[in-house]
Amino acid sequence: MLKYLLPLILFIVMAIFLAVGLNLNPSEIPSPLLDKPAPAFAAPKLLAPTEKLTNADLMGKVWLFNVWASWCVSCREEHPVLNEFAKQQAVTIVGLNYKDEAAAAKNWLETLGNPYNVSMMDQDGRIGLDWGVYGVPETFVIDKKGVVRYKHTGPVSWNDVQTVFLPLIAKLQEEMP
Amino acid sequence: MSRYLLLLLLVLSPLAQAIDSRQFANPEQQEAYETLTSELRCLVCQNQTIADSNAELAADLRRQVQEMLEQGKSREQIVQFMTDRYGDFVLYKPPFKAKTSLLWLGPMAFLVVGLVAVFLVIHQRRSRSSLGDNSAEATQAEKLAKIRRILDEEDAS
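For the record, the sequence lines run as chains A and B.
Be aware that the first sequence starts at 1, since it is given in the working numbering, and climbs by one per residue.
Be aware that the second sequence starts at 1, since it is given in the working numbering, and climbs by one per residue.
Don't take each hint at face value.
[Stated by the list, open to error] Below 25 Å or equal to it, Euclidean Cα-Cα: the simulated DSS-like pairs (lysine-lysine) are:
1. Lys151/A to Lys87/A
2. Lys36/A to Lys73/B
3. Lys3/A to Lys36/A
4. Lys87/A to Lys144/A
5. Lys151/A to Lys97/B
6. Lys151/A to Lys171/A
7. Lys36/A to Lys171/A
8. Lys61/A to Lys3/A
9. Lys99/B to Lys151/A
10. Lys3/A to Lys45/A
11. Lys36/A to Lys145/A
12. Lys36/A to Lys97/B
13. Lys61/A to Lys45/A
14. Lys36/A to Lys151/A
15. Lys36/A to Lys143/B
In short, the hints are calculated from the structure, not lab data.
Source: prediction; values computed, not measured.
If we strip away everything but chain B, and leave its shape as in the complex, we get (with noise of 0.2 Å):
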């Protein structure tokens, strides 16, 4: 029973109540801000985002939305206004720049050294495979050979 209830509460918690919820008039308002601060790192607890700390910045920085949201600013022009201050390190996903390039194709790069390795290997393998039998034969008659002429050595001896 209390397994069950276990489970029942870990599917419920995603629809827990987020730290500070505010409310807008406005519901296009209400889901810009929801999904801005979910977009926003806060910079003191690193690895969370704005509408998920209890830090005192996040809830100035996500004050700072509400507010500018409600004055009617734009998305864009949130996010400009935080990369302004904090840099693009305040955004979960930074845009992509000659800056980020690295990480942003480092991964597809990874990916393309992976398959050519893996079509390699596979490429030597099946050259040697087909090679395989006679090499095998050659080697078995050249031993052969040896183990004769030492023989015949011996018996000259």
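Same shape as in the complex, but just chain A (with noise of 0.2 Å):
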């Protein structure tokens, strides 16, 4: 009995691994920073150029950090519901326009709308590299304290805003700074 049970259940336990293996997303890479200081940062405002934006100027604020480019297809899929959540005005959302023209960025929030509370340049990605930026659209919620919470690879939908990130913020909000 043993002798034609064994193999069925080997082929049983390899099945649920390959299946659980195909239906991973291998572009979804957990992050170091998770729980970690957000990385340092001082860049120059996108709408204001002469002005530099810092960590230390959103401290204590529970803040969305929304890495974008003109560039990005995804970015674009995107943008109508960060242009939602921004009128929830649930967060402070920080863009990163991460390896863009100044001047196609600019003209890409006059033609679809700026969620932004502030957007920051970053034309050479070293900034981007300090937060591990690989794929972009990439989003991350930091608490009052700049510590990195959570963070979401590819376009956040309208489904994520209100089942992962109100929620998120919600709790974060109450927290002390």
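These two chains come separately, so use the hints to put the complex back together.
Here it is in structure tokens:
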């Protein structure tokens, strides 16, 4: 009996492993930044290049860090969701305009709307590198102490906003800075 | 002729230049740069090293490696820098940890299971074949006895 059952059991175990492997998304890499202080930055603001934005400006606030670019196709898909998200005024939304041209980026915000409280420029991708950015768009949630609490890779959907982002942000807003 | 040419090209292809070769004043740094870039994974095109990849991210990472080497940073410091940002996935050779133990020990465990299975099968075969002749004779005798019994019964009836 065991002689016939054993290959069957082995087959089922292997099939389960392979099925799980097939359904994993290889482009979703867990971020080592989670629960660590957000990487330091000081970058010129997109709409006011003479001013710089730094981590210190955002201390004591819960903020969203969204990496975007005008050349990024998925960002176009995500943009209406961010616009809607911004209307809720639940959180400060900071944009990182990643490896983009300032003129193209400004044009994007004028034509598609600007959900960002502030966007900063990262033309050579160094800030992106510090944040471990590898696929635009990426979205991080940072708490009042400046600690990264969540990372989303790829475009954020309205469903993600409702089921993940808004509950998390509500929880973080209640924490003491 | 063209076949030999093709063969020659295939043999020489590993000598092709990296897509983005950089020059260092110091040969040790040059070597460190070449080994490091061939051990770090490009996260956009996940099955290529940053030395092989044309992706923009790979170019940024190569620039970062070069700058850190020129600043006199050690190999370990550069690897640490990369894993702090991108996790162990950026390394083609992941470190041995509790989390990666299955990855490292899995093949060894399969080998052990396979060896045990082979040993058991051989052992079983051997013990069966040593019994084999006797048991064959025994069944033969049993069959004969049965046939005789049936024949006897028919005679009786």
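**Prompt:** Against the structure shown, which of the earlier numbered hints fail to hold, in ascending order?
**Reply:** Violated hints (numbers, rising): 3, 8, 10 and 15; every other hint is consistent with the structure.
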